[in-house]
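Chemist: For the sequence shown, the positions run 1 to 123 when full-length UniProt numbering is used.
The set of hints was computed from the structure by calculation and includes no laboratory data. Owing to the predicted nature of the structure, the values given are computational and were not obtained by experimental measurement. No residue lacks a Cβ here, since even glycine has one placed at the ideal position from N, Cα and C. There could be a bad hint or two in this list.
To be verified - Distance ranges between label pairs, derived from CB positions:
1. L25 - K114: 18 to 24 Å
2. K114 - G8: 16 to 22 Å
3. M78 - A23: 16 to 22 Å
4. K106 - A64: 17 to 23 Å
5. D109 - E72: 32 to 38 Å
6. A64 - E26: 17 to 23 Å
7. R47 - P107: 17 to 23 Å
8. P7 - P122: 25 to 31 Å
9. A111 - V24: 15 to 21 Å
10. D35 - A111: 31 to 37 Å
11. E72 - R15: 26 to 32 Å
12. G118 - R15: 15 to 21 Å
13. G8 - V59: 18 to 24 Å
14. A71 - P7: 29 to 35 Å
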Amino acid sequence: MIVDDEPGIRFALKRWFERQQWAVLEAQDGQAALDLLLSSSDDTDARIDVCVCDLHLPVITGEAIVRALMAERPALAMRVLLTTGDAVIDAEPGSVLSEHQHVLQKPFDLATLKQAVGRICPL
1 MIVDDEPGIR FALKRWFERQ QWAVLEAQDG QAALDLLLSS SDDTDARIDV
51 CVCDLHLPVI TGEAIVRALM AERPALAMRV LLTTGDAVID AEPGSVLSEH
101 QHVLQKPFDL ATLKQAVGRI CPL
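Full structure from sequences and hints, please.
Modeler: Here it is, written out as C-alpha coordinates:
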(Lines of atoms letter the chains of each structure in order from A; the text may use other names.)
(Lines give C-alpha, C1' and ligand atoms only; values in the text may rest on other atoms or scores of the structure.)
Protein backbone atom coordinates (compact mmCIF):
# COMPACT_ATOMS: atom_id res chain seq x y z
CA MET A 1 0.00 0.00 0.00
CA ILE A 2 1.20 3.50 -0.83
CA VAL A 3 0.00 6.52 1.14
CA ASP A 4 1.24 9.90 -0.09
CA ASP A 5 -0.46 13.17 -0.98
CA GLU A 6 1.96 13.81 -3.85
CA PRO A 7 0.69 12.12 -7.04
CA GLY A 8 4.19 11.92 -8.55
CA ILE A 9 5.55 10.00 -5.57
CA ARG A 10 2.55 7.65 -5.55
CA PHE A 11 3.01 7.04 -9.27
CA ALA A 12 6.75 6.32 -8.97
CA LEU A 13 6.30 4.01 -5.98
CA LYS A 14 3.38 2.20 -7.60
CA ARG A 15 5.40 1.66 -10.76
CA TRP A 16 8.34 0.27 -8.76
CA PHE A 17 6.17 -2.13 -6.74
CA GLU A 18 4.33 -3.31 -9.84
CA ARG A 19 7.67 -4.07 -11.50
CA GLN A 20 8.37 -6.28 -8.47
CA GLN A 21 5.09 -8.08 -9.30
CA TRP A 22 3.21 -6.65 -6.28
CA ALA A 23 -0.43 -5.56 -6.34
CA VAL A 24 -0.73 -1.99 -5.06
CA LEU A 25 -3.38 -0.17 -3.04
CA GLU A 26 -3.17 3.64 -2.90
CA ALA A 27 -4.44 6.44 -0.70
CA GLN A 28 -3.82 10.17 -1.12
CA ASP A 29 -4.50 11.23 2.46
CA GLY A 30 -4.26 9.80 5.94
CA GLN A 31 -7.99 9.45 6.52
CA ALA A 32 -8.53 7.44 3.33
CA ALA A 33 -5.61 5.17 4.26
CA LEU A 34 -6.77 4.66 7.83
CA ASP A 35 -10.34 3.95 6.72
CA LEU A 36 -9.06 1.31 4.31
CA LEU A 37 -6.65 -0.22 6.82
CA LEU A 38 -9.09 -0.35 9.74
CA SER A 39 -12.03 -1.57 7.67
CA SER A 40 -9.95 -4.36 6.18
CA SER A 41 -10.57 -7.94 7.12
CA ASP A 42 -7.90 -10.24 8.47
CA ASP A 43 -7.50 -11.47 4.89
CA THR A 44 -6.67 -7.94 3.76
CA ASP A 45 -4.24 -7.57 6.67
CA ALA A 46 -2.43 -10.64 5.41
CA ARG A 47 -2.40 -9.26 1.86
CA ILE A 48 -0.79 -5.95 2.86
CA ASP A 49 2.85 -6.92 3.03
CA VAL A 50 4.09 -3.36 3.48
CA CYS A 51 2.58 0.12 3.68
CA VAL A 52 4.82 2.96 2.49
CA CYS A 53 3.31 5.98 4.23
CA ASP A 54 4.33 9.65 4.16
CA LEU A 55 4.69 11.19 7.60
CA HIS A 56 3.08 14.54 6.68
CA LEU A 57 -0.34 13.88 5.17
CA PRO A 58 -3.54 15.90 4.92
CA VAL A 59 -6.31 15.14 7.42
CA ILE A 60 -4.42 12.51 9.49
CA THR A 61 -0.63 12.20 9.72
CA GLY A 62 1.38 9.08 9.10
CA GLU A 63 2.27 9.08 12.79
CA ALA A 64 -1.44 9.02 13.71
CA ILE A 65 -1.98 6.13 11.29
CA VAL A 66 0.76 4.09 12.97
CA ARG A 67 -0.61 4.95 16.43
CA ALA A 68 -4.13 3.82 15.43
CA LEU A 69 -2.81 0.62 13.88
CA MET A 70 -0.74 -0.13 16.99
CA ALA A 71 -3.99 -0.05 18.98
CA GLU A 72 -6.18 -1.92 16.48
CA ARG A 73 -3.89 -4.02 14.27
CA PRO A 74 -0.39 -4.18 15.78
CA ALA A 75 0.96 -6.72 13.27
CA LEU A 76 0.01 -4.39 10.43
CA ALA A 77 1.53 -1.39 12.23
CA MET A 78 4.90 -3.15 12.16
CA ARG A 79 4.70 -3.32 8.37
CA VAL A 80 4.42 0.46 7.91
CA LEU A 81 7.44 2.21 6.38
CA LEU A 82 7.14 5.91 7.22
CA THR A 83 8.74 8.33 4.76
CA THR A 84 9.60 11.95 5.43
CA GLY A 85 11.25 14.86 3.69
CA ASP A 86 12.19 16.41 7.03
CA ALA A 87 15.88 17.26 7.15
CA VAL A 88 16.05 16.10 10.75
CA ILE A 89 13.77 13.51 12.29
CA ASP A 90 13.09 14.99 15.71
CA ALA A 91 11.44 12.24 17.71
CA GLU A 92 10.29 13.15 21.19
CA PRO A 93 10.44 10.35 23.77
CA GLY A 94 7.21 8.37 23.68
CA SER A 95 6.33 9.46 20.15
CA VAL A 96 5.65 6.93 17.43
CA LEU A 97 8.80 8.08 15.63
CA SER A 98 10.96 7.32 18.64
CA GLU A 99 9.54 3.79 18.82
CA HIS A 100 8.82 2.94 15.17
CA GLN A 101 11.56 0.91 13.51
CA HIS A 102 10.88 1.73 9.87
CA VAL A 103 11.50 5.34 8.82
CA LEU A 104 12.96 6.34 5.45
CA GLN A 105 14.16 9.85 4.69
CA LYS A 106 13.22 11.46 1.35
CA PRO A 107 14.63 11.70 -1.18
CA PHE A 108 15.60 8.05 -1.41
CA ASP A 109 16.80 5.97 -4.32
CA LEU A 110 15.32 2.66 -5.41
CA ALA A 111 18.14 0.62 -3.86
CA THR A 112 17.45 2.23 -0.47
CA LEU A 113 13.71 1.63 -0.89
CA LYS A 114 14.32 -2.01 -1.79
CA GLN A 115 16.52 -2.47 1.29
CA ALA A 116 13.96 -0.81 3.60
CA VAL A 117 11.05 -2.82 2.17
CA GLY A 118 13.13 -5.99 2.40
CA ARG A 119 13.59 -5.47 6.14
CA ILE A 120 9.81 -5.51 6.53
CA CYS A 121 8.91 -8.14 3.95
CA PRO A 122 11.45 -10.15 1.96
CA LEU A 123 11.25 -9.37 -1.75
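Chemist: Does each hint hold? Answer for all of them.
Modeler: Cross-check of the supplied hints:
The hinted range of 18 to 24 Å is satisfied by L25 and K114, whose Cβ atoms lie roughly 19 Å apart. Distance hint check for K114 and G8: the Cβ-Cβ separation is about 19 Å, which falls inside the suggested range of 16 to 22 Å. Taking 16 to 22 Å as the suggested C-beta distance range, the pair M78 and A23 conforms, at roughly 20 Å. Separated by about 19 Å at the C-beta atoms, K106 and A64 satisfy the suggested range of 17 to 23 Å.
D109 and E72 have their C-beta atoms about 33 Å apart, which keeps the hinted 32 to 38 Å range intact. Against the hinted window of 17 to 23 Å, the Cβ-Cβ separation of A64 and E26 comes to about 19 Å, which satisfies the hint. Roughly 29 Å separates the CB atoms of R47 and P107, a value that falls outside the hinted 17 to 23 Å. With their beta carbons about 29 Å apart, P7 and P122 fall inside the hinted range of 25 to 31 Å.
Evaluation of the 15 to 21 Å hint for A111 and V24 yields a pass: the beta carbon distance comes to about 20 Å. Remark: the range hint 31 to 37 Å for D35 to A111 is upheld by a beta-carbon distance near 33 Å. Remark: the range hint 26 to 32 Å for E72 to R15 is upheld by a beta-carbon distance near 30 Å. Roughly 18 Å separates the CB atoms of G118 and R15, a value that falls within the hinted 15 to 21 Å.
For the pair G8 and V59, the beta carbons lie near 20 Å from each other, so the given range of 18 to 24 Å is met. A hinted range of 29 to 35 Å for the beta carbons of A71 and P7 is consistent with their spacing of about 30 Å.
Hint compliance for this structure: hint 7 is the single one not met.
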